[in-house]
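Residue numbers (this note's numbering), protein chains in the order written: chain A, 18 to 369; chain B, 18 to 369.
Please keep in mind that the hints were generated in silico from the structure rather than gathered at the bench. Please note that a few of the clues may not be correct.
One copy or two, it doesn't matter: identical chains are merged, so the pair holds either way.
[Claimed, not checked] Below, simulated PhoX-like cross-link-like pairs (lysine-lysine); rule was C-alpha separation at most 25 Å, straight line:
(1) Lys91 with Lys112
(2) Lys241 with Lys213
(3) Lys133 with Lys112
(4) Lys241 with Lys220
(5) Lys140 with Lys297
(6) Lys91 with Lys220
(7) Lys271 with Lys297
(8) Lys220 with Lys140
(9) Lys100 with Lys133
(10) Lys241 with Lys271
(11) Lys295 with Lys271
(12) Lys112 with Lys100
(13) Lys91 with Lys133
(14) Lys213 with Lys91
(15) Lys295 with Lys100
(16) Lys100 with Lys271
What follows is the residue order along each chain.
Number of protein chains: 2
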Amino acid sequence: MAQPRTLALDAMGGDHGPEVVVPGAALSLERHPALSFIFFGDEARIAPVLAAHPTLAARARIVHTTQVVAMDEKPSQALRRGKGSSMWLALEAVKAGEAHAAVSAGNTGALMAMAKLILRPMKGIERPAIAALWPTVTAECIVLDVGANIGATTGQLAEFALMGAAMARALFHVERPTVGLLNVGVEEIKGAEEVKEAHTLLKQADLPLAYSGFIEGDEIGQGKVDVVVVEGFAGNIALKTAEGTARQIGQYLKDAMMRTWLSRLGALLARGGFRVLKEKMDPRRVNGGTFLGLNGIAVKSHGGTDALGFASAVDLGYEMAESGLLPRLAADLETFHGRLAAEQPASGEHRA
Amino acid sequence: MAQPRTLALDAMGGDHGPEVVVPGAALSLERHPALSFIFFGDEARIAPVLAAHPTLAARARIVHTTQVVAMDEKPSQALRRGKGSSMWLALEAVKAGEAHAAVSAGNTGALMAMAKLILRPMKGIERPAIAALWPTVTAECIVLDVGANIGATTGQLAEFALMGAAMARALFHVERPTVGLLNVGVEEIKGAEEVKEAHTLLKQADLPLAYSGFIEGDEIGQGKVDVVVVEGFAGNIALKTAEGTARQIGQYLKDAMMRTWLSRLGALLARGGFRVLKEKMDPRRVNGGTFLGLNGIAVKSHGGTDALGFASAVDLGYEMAESGLLPRLAADLETFHGRLAAEQPASGEHRA
Numbered sequence: 018m019a020q021p022r023t024l025a026l027d028a029m030g031g032d033h034g035p036e037v038v039v040p041g042a043a044l045s046l047e048r049h050p051a052l053s054f055i056f057f058g059d060e061a062r063i064a065p066v067l068a069a070h071p072t073l074a075a076r077a078r079i080v081h082t083t084q085v086v087a088m089d090e091k092p093s094q095a096l097r098r099g100k101g102s103s104m105w106l107a108l109e110a111v112k113a114g115e116a117h118a119a120v121s122a123g124n125t126g127a128l129m130a131m132a133k134l135i136l137r138p139m140k141g142i143e144r145p146a147i148a149a150l151w152p153t154v155t156a157e158c159i160v161l162d163v164g165a166n167i168g169a170t171t172g173q174l175a176e177f178a179l180m181g182a183a184m185a186r187a188l189f190h191v192e193r194p195t196v197g198l199l200n201v202g203v204e205e206i207k208g209a210e211e212v213k214e215a216h217t218l219l220k221q222a223d224l225p226l227a228y229s230g231f232i233e234g235d236e237i238g239q240g241k242v243d244v245v246v247v248e249g250f251a252g253n254i255a256l257k258t259a260e261g262t263a264r265q266i267g268q269y270l271k272d273a274m275m276r277t278w279l280s281r282l283g284a285l286l287a288r289g290g291f292r293v294l295k296e297k298m299d300p301r302r303v304n305g306g307t308f309l310g311l312n313g314i315a316v317k318s319h320g321g322t323d324a325l326g327f328a329s330a331v332d333l334g335y336e337m338a339e340s341g342l343l344p345r346l347a348a349d350l351e352t353f354h355g356r357l358a359a360e361q362p363a364s365g366e367h368r369a
Numbered sequence: 018m019a020q021p022r023t024l025a026l027d028a029m030g031g032d033h034g035p036e037v038v039v040p041g042a043a044l045s046l047e048r049h050p051a052l053s054f055i056f057f058g059d060e061a062r063i064a065p066v067l068a069a070h071p072t073l074a075a076r077a078r079i080v081h082t083t084q085v086v087a088m089d090e091k092p093s094q095a096l097r098r099g100k101g102s103s104m105w106l107a108l109e110a111v112k113a114g115e116a117h118a119a120v121s122a123g124n125t126g127a128l129m130a131m132a133k134l135i136l137r138p139m140k141g142i143e144r145p146a147i148a149a150l151w152p153t154v155t156a157e158c159i160v161l162d163v164g165a166n167i168g169a170t171t172g173q174l175a176e177f178a179l180m181g182a183a184m185a186r187a188l189f190h191v192e193r194p195t196v197g198l199l200n201v202g203v204e205e206i207k208g209a210e211e212v213k214e215a216h217t218l219l220k221q222a223d224l225p226l227a228y229s230g231f232i233e234g235d236e237i238g239q240g241k242v243d244v245v246v247v248e249g250f251a252g253n254i255a256l257k258t259a260e261g262t263a264r265q266i267g268q269y270l271k272d273a274m275m276r277t278w279l280s281r282l283g284a285l286l287a288r289g290g291f292r293v294l295k296e297k298m299d300p301r302r303v304n305g306g307t308f309l310g311l312n313g314i315a316v317k318s319h320g321g322t323d324a325l326g327f328a329s330a331v332d333l334g335y336e337m338a339e340s341g342l343l344p345r346l347a348a349d350l351e352t353f354h355g356r357l358a359a360e361q362p363a364s365g366e367h368r369a
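Using the sequences and the hints given, assemble the complete structure.
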């Protein structure tokens with residue numbers, strides 16, 4: 018039987034607050050009955066919504082705070098002024114061991130800054146990453162970093178590979194996840210030295226993953242690998258571009274089906290198929306970016322999502338907590354850094 | 018009446034050579050009767066295909082060479098060994114003024130290296146860029162750089178803006194094209210200083226374009242701006258990711274329509290709509306990356322395309338040649354660099 022897991026939810030985060038967070042938690046609880054919840058936020062707003070979900074109410078408690086991080090607050094501001102906010106308290110609950118993961122639909126930059134401050138990066142990790150689930154023609158893959166930082170050194174790219182592999186192991190239940198390094202096609206192009214060096218490092222290093230080499234942007238959605246590693250600027254642009262393209266094609270499709278009465282009739286008859294397509298392309302199905310590289314699990318939901326979307330982020334928090342990936346990842350990172358340190362003098366001489 | 022324009026075609030480039038290049042040229046000639054062509058490559062292979070297109074044959078000549086740049090040749094190799102190849106000769110024809118633009122479906126890296134060597138960068142341009150046409154919900158936009166270089170300085174990003182605007186003026190017939198700078202959402206993120214500085218520069222500079230500020234990856238396809246500026250690593254990844262996502266959704270759609278006999282029937286009735294959608298999503302419709310920033314026009318077609326796709330690249334070469342954008346761009350660049358130089362001492366003091 019699944020172990021009981023407690024999630025700390027920032028009830029005030031996102032565009033809708035408790036009206037989305039509470040029903041979202043209720044949906045996820047139906048799928049994962051071992052869950053219990055702590056809602057952080059304004060009790061006067063949370064309690065009435067919670068009362069409408071008695072099963073959830075029996076497995077939840079509210080920690081009251083009126084302080085909220087605004088969606089447009091700068092991370093540095095949020096750090097200064099956000100102590101005691103619903104977001105802050107949710108992360109502190111993870112740190113204190115009261116919750117196994119925190120989920121927030123709030124301000125991404127603020128959440129990242131607070132998570133770094135409260136949960137602290139794992140030993141040897143300078144830069145946590147944000148990992149996104151990416152739907153593929155076969156299933157899903159994990160792409161990281163999708164925007165925690167801009168740029169990444171060779172070592173950081175290798176750490177992303179380890180972190181992504183740990184997450185893939187937890188979510189996809191494969192012991193040696195396949196990992197690809199996102200790159201551009203032309204071989205001799207100047208620049209991106211860190212990507213080339215990370216390629217060499219990942220090829221040679223004896224890591225708990227199956228390194229598949231370079232992959233290109235059009236191969237992400239093909240499901241070629243379990244984990245796609247890229248620095249955060251290009252990763253964020255890739256993610257947003259894919260989302261935009263999906264929306265754009267959805268619009269094309271709608272327009273095309275509305276053109277003539279015959280195509281409208283056809284679309285009506287094929288509505289079962291369109292429903293499947295819509296579900297498949299529904300961004301709420303895989304909602305949630307995970308912060309990796311911290312001593313604790315924090316999941317960021319899209320701010321504008323509804324209960325269905327928020328439930329996906331809660332599911333993700335649950336699966337991450339359930340898998341116990343952090344101790345394993347910590348051990349993998351220690352081994353990796355230990356080896357790197359042992360090799361350093363030799364490679365230093367080599368370069369001099 | 019349209020002025021006569023001559024295009025230099027690398028008949029041996031791409032996966033299929035003359036079998037695609039010659040019929041592609043014939044298709045484009047139907048649309049642009051003022052065109053004439055020089056085919057560079059193996060006469061024994063070109064002549065028989067050309068003979069099947071008498072209208073084209075009347076407006077074409079062949080310059081024979083048996084030397085060909087292989088699709089997998091490294092750019093440096095191609096430069097050493099490719100003198101006299103079909104690709105090389107096509108570019109030399111542009112330099113010599115015999116042709117108004119060169120089009121090749123050959124090896125991208127080799128074409129870029131040769132184009133730089135033969136056509137030379139325009140005055141003040143260190144780094145030419147590859148610009149791609151990107152379909153949007155409203156029409157098309159131009160995205161650059163999609164992979165000529167990795168990374169870009171503040172000044173280079175501003176040059177990309179000028180080059181993209183010149184291309185947009187030529188293709189979209191707008192006097193002050195709108196230009197956006199591709200960036201990631203979070204405001205306070207560290208890194209990408211050159212993007213932030215380019216933002217300030219473009220906002221303040223009095224350039225022949227309408228600067229729209231930052232845009233994110235999901236906004237490219239919305240047609241928010243005429244020109245999207247980004248350094249080549251992220252730009253290439255964005256382009257490939259969009260292509261991959263479109264293919265992925267096409268696959269989803271096919272699967273969804275094949276599910277039940279009802280959805281199959283519906284899809285059959287709606288086939289007119291699907292045909293429109295397919296045309297809209299057809300990558301051959303907007304095929305061709307343009308090298309910008311050189312003293313001459315060179316267009317790169319996808320290597321694996323067919324005659325229809327190659328014809329789009331020829332169309333693009335024609336429109337670029339027809340517009341006479343190079344002298345105007347040269348003047349814009351000179352003004353820009355002149356102003357920058359005039360401001361340099363002040364800004365230098367400011368920074369010191």
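Alpha-carbon proximity between Lys241 and Lys220, which holds within one copy, between copies, both or neither at 25 Å: Within one copy only: 17 Å inside a chain, 41 Å across chains, cut-off 25 Å.
Homomeric proximity label, Lys91 with Lys133: Cα distance no greater than 25 Å: Close inside one copy (15 Å), not across copies (44 Å); limit 25 Å.
Alpha-carbon proximity context of Lys100 and Lys133, limit 25 Å: within (14 Å within a copy, 56 Å between copies)
Lys100 and Lys271: within-copy, between-copy, both or neither at 25 Å Cα: Classified as neither: same-chain Cα gap 46 Å, cross-chain 51 Å, threshold 25 Å.
Homomeric proximity label, Lys295 with Lys100: Cα distance no greater than 25 Å: Answer is neither; intra-copy 41 Å and inter-copy 53 Å both fail.
25 Å Cα threshold - placement of Lys271 relative to Lys241: Between. Shortest inter-copy distance 20 Å satisfies the 25 Å Cα cut-off; intra-copy 30 Å does not.
Status of Lys112 relative to Lys133 across identical chains (alpha carbons, at most 25 Å): within (11 Å within a copy, 56 Å between copies)
Within, between, both or neither, where Lys271 and Lys297 count as close if Cα-Cα is 25 Å or less: For Lys271 and Lys297, both the intra-copy (16 Å) and inter-copy (12 Å) Cα distances are at most 25 Å.
Same-copy or cross-copy closeness of Lys220 to Lys140 [CA-CA at most 25 Å]: Answer is within; shortest intra-copy Cα gap is 24 Å, inter-copy 42 Å.
Intra- versus inter-copy proximity for Lys271 and Lys295 (alpha-carbon distance at most 25 Å): Close inside one copy (11 Å) and across copies (13 Å); limit 25 Å.
Within, between, both or neither: Lys213, Lys91 at alpha-carbon 25 Å: Result: close only across copies, 16 Å inter versus 34 Å intra.
Identical-chain pair category, Lys91 with Lys112, by Cα at 25 Å: Result: close within a single copy only, 23 Å intra versus 52 Å inter.
Consistency note: the structure conflicts with the earlier hints numbered 5, 15, 16.
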